[in-house]
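From just these sequences and the hints, can you work out the full model?
Protein chains: 2
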Amino acid sequence: MGVIVQKFGGTSVADTERIRNVAKRVAKTYDAGHDVVVILSAMAGVTDQLISMASTICERPEKREMDVLLATGEQTTAALLAMTLISMKYPARSLMGFQAEVRTDCAFGNARILDIHADRIEVLLRQRNIVVIAGFQGHDCEGNITTLGRGGSDTSAVAIAAAIKADVCEIYTDVDGVYTTDPNICSKARKIKSIAYDEMLEMASLGAKVLQIRSVEFAKKYNVPIHVRSSFSQEEGTMVWSEEADMERLLVSGITCSKNDARIMVKGVPDQPGMAAKVLAPIAEAGIVVDMIIQSSPKNGTNDIAFTVPRTEYKAAMEIEQRVVEAIGAEGVYGDESIAKVSVVGIGMKSHSGVAAKMFSTLAAENINIRMISTSEIHISCVIVEKYAELAVRALHTAFGLDSDL
Amino acid sequence: MGVIVQKFGGTSVADTERIRNVAKRVAKTYDAGHDVVVILSAMAGVTDQLISMASTICERPEKREMDVLLATGEQTTAALLAMTLISMKYPARSLMGFQAEVRTDCAFGNARILDIHADRIEVLLRQRNIVVIAGFQGHDCEGNITTLGRGGSDTSAVAIAAAIKADVCEIYTDVDGVYTTDPNICSKARKIKSIAYDEMLEMASLGAKVLQIRSVEFAKKYNVPIHVRSSFSQEEGTMVWSEEADMERLLVSGITCSKNDARIMVKGVPDQPGMAAKVLAPIAEAGIVVDMIIQSSPKNGTNDIAFTVPRTEYKAAMEIEQRVVEAIGAEGVYGDESIAKVSVVGIGMKSHSGVAAKMFSTLAAENINIRMISTSEIHISCVIVEKYAELAVRALHTAFGLDSDL
Chain A
1 MGVIVQKFGG TSVADTERIR NVAKRVAKTY DAGHDVVVIL SAMAGVTDQL
51 ISMASTICER PEKREMDVLL ATGEQTTAAL LAMTLISMKY PARSLMGFQA
101 EVRTDCAFGN ARILDIHADR IEVLLRQRNI VVIAGFQGHD CEGNITTLGR
151 GGSDTSAVAI AAAIKADVCE IYTDVDGVYT TDPNICSKAR KIKSIAYDEM
201 LEMASLGAKV LQIRSVEFAK KYNVPIHVRS SFSQEEGTMV WSEEADMERL
251 LVSGITCSKN DARIMVKGVP DQPGMAAKVL APIAEAGIVV DMIIQSSPKN
301 GTNDIAFTVP RTEYKAAMEI EQRVVEAIGA EGVYGDESIA KVSVVGIGMK
351 SHSGVAAKMF STLAAENINI RMISTSEIHI SCVIVEKYAE LAVRALHTAF
401 GLDSDL
Chain B
1 MGVIVQKFGG TSVADTERIR NVAKRVAKTY DAGHDVVVIL SAMAGVTDQL
51 ISMASTICER PEKREMDVLL ATGEQTTAAL LAMTLISMKY PARSLMGFQA
101 EVRTDCAFGN ARILDIHADR IEVLLRQRNI VVIAGFQGHD CEGNITTLGR
151 GGSDTSAVAI AAAIKADVCE IYTDVDGVYT TDPNICSKAR KIKSIAYDEM
201 LEMASLGAKV LQIRSVEFAK KYNVPIHVRS SFSQEEGTMV WSEEADMERL
251 LVSGITCSKN DARIMVKGVP DQPGMAAKVL APIAEAGIVV DMIIQSSPKN
301 GTNDIAFTVP RTEYKAAMEI EQRVVEAIGA EGVYGDESIA KVSVVGIGMK
351 SHSGVAAKMF STLAAENINI RMISTSEIHI SCVIVEKYAE LAVRALHTAF
401 GLDSDL
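Protein chains in written order, with full-length UniProt numbering: chain A, 1 to 406; chain B, 1 to 406.
If you are wondering where the hints come from, they were derived from the structure by calculation, not from laboratory data. Given the structure is predicted, the values throughout are model-derived calculations rather than measurements. Treat the hints with care, since some could be wrong.
[What the hints assert, rightly or not] Derived Cβ-Cβ restraints for the label pairs, each shown as a range: (1) A:Lys89 with B:Ser297: 31 to 41 Å; (2) A:Val290 with B:Asp167: 19 to 29 Å; (3) A:Ala286 with B:Pro91: 22 to 32 Å; (4) B:Cys141 with A:Glu142: 43 to 53 Å; (5) B:Ser404 with A:Cys141: 50 to 60 Å; (6) B:Leu114 with A:Gly45: 49 to 59 Å; (7) B:Met318 with A:Lys89: 29 to 39 Å; (8) B:Asp167 with A:Lys89: 50 to 60 Å; (9) A:Met318 with B:Glu17: 38 to 48 Å; (10) B:Ala286 with A:Gly45: 41 to 51 Å; (11) B:Glu17 with A:Glu142: 44 to 54 Å; (12) A:Asp167 with B:Pro310: 49 to 59 Å; (13) B:Glu217 with A:Met53: 31 to 41 Å.
Just so it is clear, CB atoms sit at the ideal spot from N, CA and C, and this is done for glycine as well.
As structure tokens, this is what we get:
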């Protein structure tokens, strides 16, 4: 008999009929003798509706009040699930963020969890209650309502699982697990049975959308096993846990693809010390996050510096670099929004060479030019022209032996 | 410069456009130098929507969870008004029931306010904030969310006004004050400028709907002046305050009419001690509230006992009395759902005789039979046949000199 945290996303609680299905699943786990804590998101679409209502008041609603408004979404689903369970004769009780004592900093709209006093949750569990907690919300040290930002309910779930030392944190969603790549791009994508935190983090930051990065970071820090699975089937999903856990040993676990970046190249930068800082510091000062950076070898006393920024910041970054070019006497600045970043991710890469070579030759065989490359211990990313992205993903998926048998 | 509590009902905050109008009114009061605390209801219709959503889950949703669900309505409007004020450059801050420390008992769905720790409100006021509080909700000693029952926001407003020793509690609603009678029935109804708590209590319990009885009881207990006025005009409304306050001295302040009762008569009850108890005790045991009771003079060793019950309980009460009739050997039971209770209310009656006589003769002049009579120090009620109700109201309104000059 274990302690199990179950988190259900917005599509799983989209109406009272689906909430009834969630209740049945929760009840089944409870009947098996487990202690069950349920974390809920708002009904699908509700958070967006609230944001759009606030936007009729002003363009940028004050953040503290926005959090008070948004917190109603999860409050609603938590109350509805608890009353559904009670109508089925199960002892259930809802807790809001402040009642579950999810203490956060006061960064309204994007608060970070500081700690969770699990006393009340634990007392309720000892009395054999099913505890239903509104996800996405907490309270700061002054008792203000805070929210954790988009996808924050995953983080709530993992943090609460850590606080009560749960055996597993089950994340129910509308997909049935983490896939080797996006099944919409590659029909041969395969569900991954088991993946390490670090791999999952790379997958998430490189474009896989199934789990919020912050929740995986939290899970890694407190060693909470996550089970990502579908709320619409009984099938096992994907286990996300520490590297030491028993898992399939593949060289590469997955292929990701992101189209969220743009590339900027400053050409003809004088080959003098401090020039890279002069090119990049103004970007950082504007709060724009640079991902990849590449500097060419010097030629004729100058070199080229290329880097990627989020596509949403492309225009601002280009304007900054135009001013930089004038200031440092570079040749010019060139930008490209039509790029994609394709990555291979795998813990197995740590102890194997040849992954990069295989990636480059696979892309070459498809006549796809590589514009930029970045690597870490467990991933290699290549920037390519956007229109080749899907082809690249499929080719790499096959080359690294990830295709399913179907 | 005073401390002013302003409470706005559901129709006043029905959408973000109306919330903006509320914000302008609040801002005007603030600009005049007053400290302002605003109490809000949920948007018109929202509470009913939430109840109907819960009813798709089960017939009688568990009450604690129902309160969690319902509390989202006022949370939404409080956040929206605060962000509207902030967008207009006013320092505003929303507080939920638990943050404003509105402590109640744990009678979920119909909780009573025990006390309010006004420290946080007072600190915010001293910092010249506009404090926006979600009405209708509080928290019990275990930190559970509670709600105060229908119309509870009026009670929230008066209780908070008492706690912070406000100079006045303004109740903004969709009518512009308390009228001498229902203007829909009598076109000559006149707005009352000033009315005593006790009169208002009688008016409310006898059918006037403008203020919740509990809020008036609270106001009387803590001597909080209430100003009932329209949120759609700038006109003065009706002041509700203590008898000692300066007010118009009229014999009768208003005429009320209620069609919520039914009359039951048990005929031929043996004229023996204890028979009235045998007739009425089973009604009380069934939780049915009896309003008027009349026992006729004995004739031929029996008498008749008549009483009124809420019309919603009529059937249940009739079934009970049919069993009583058999048990005590009475002649039979007769019921009538088509009755109305017409009342005249006025503190002036305390020191004047002749009000009853005038009421009876006025009804007689219209050929209206009086079926039952009840009186208190400041009201006289007559039960009549329902179809004469409007005629009776108009005749009494004229007879007691309440007609407006229009």
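*Checking against the hints above, which ones are violated?*
Going through the list in order, the structure violates hints 1, 2, 4, 6, 11 and respects the others.
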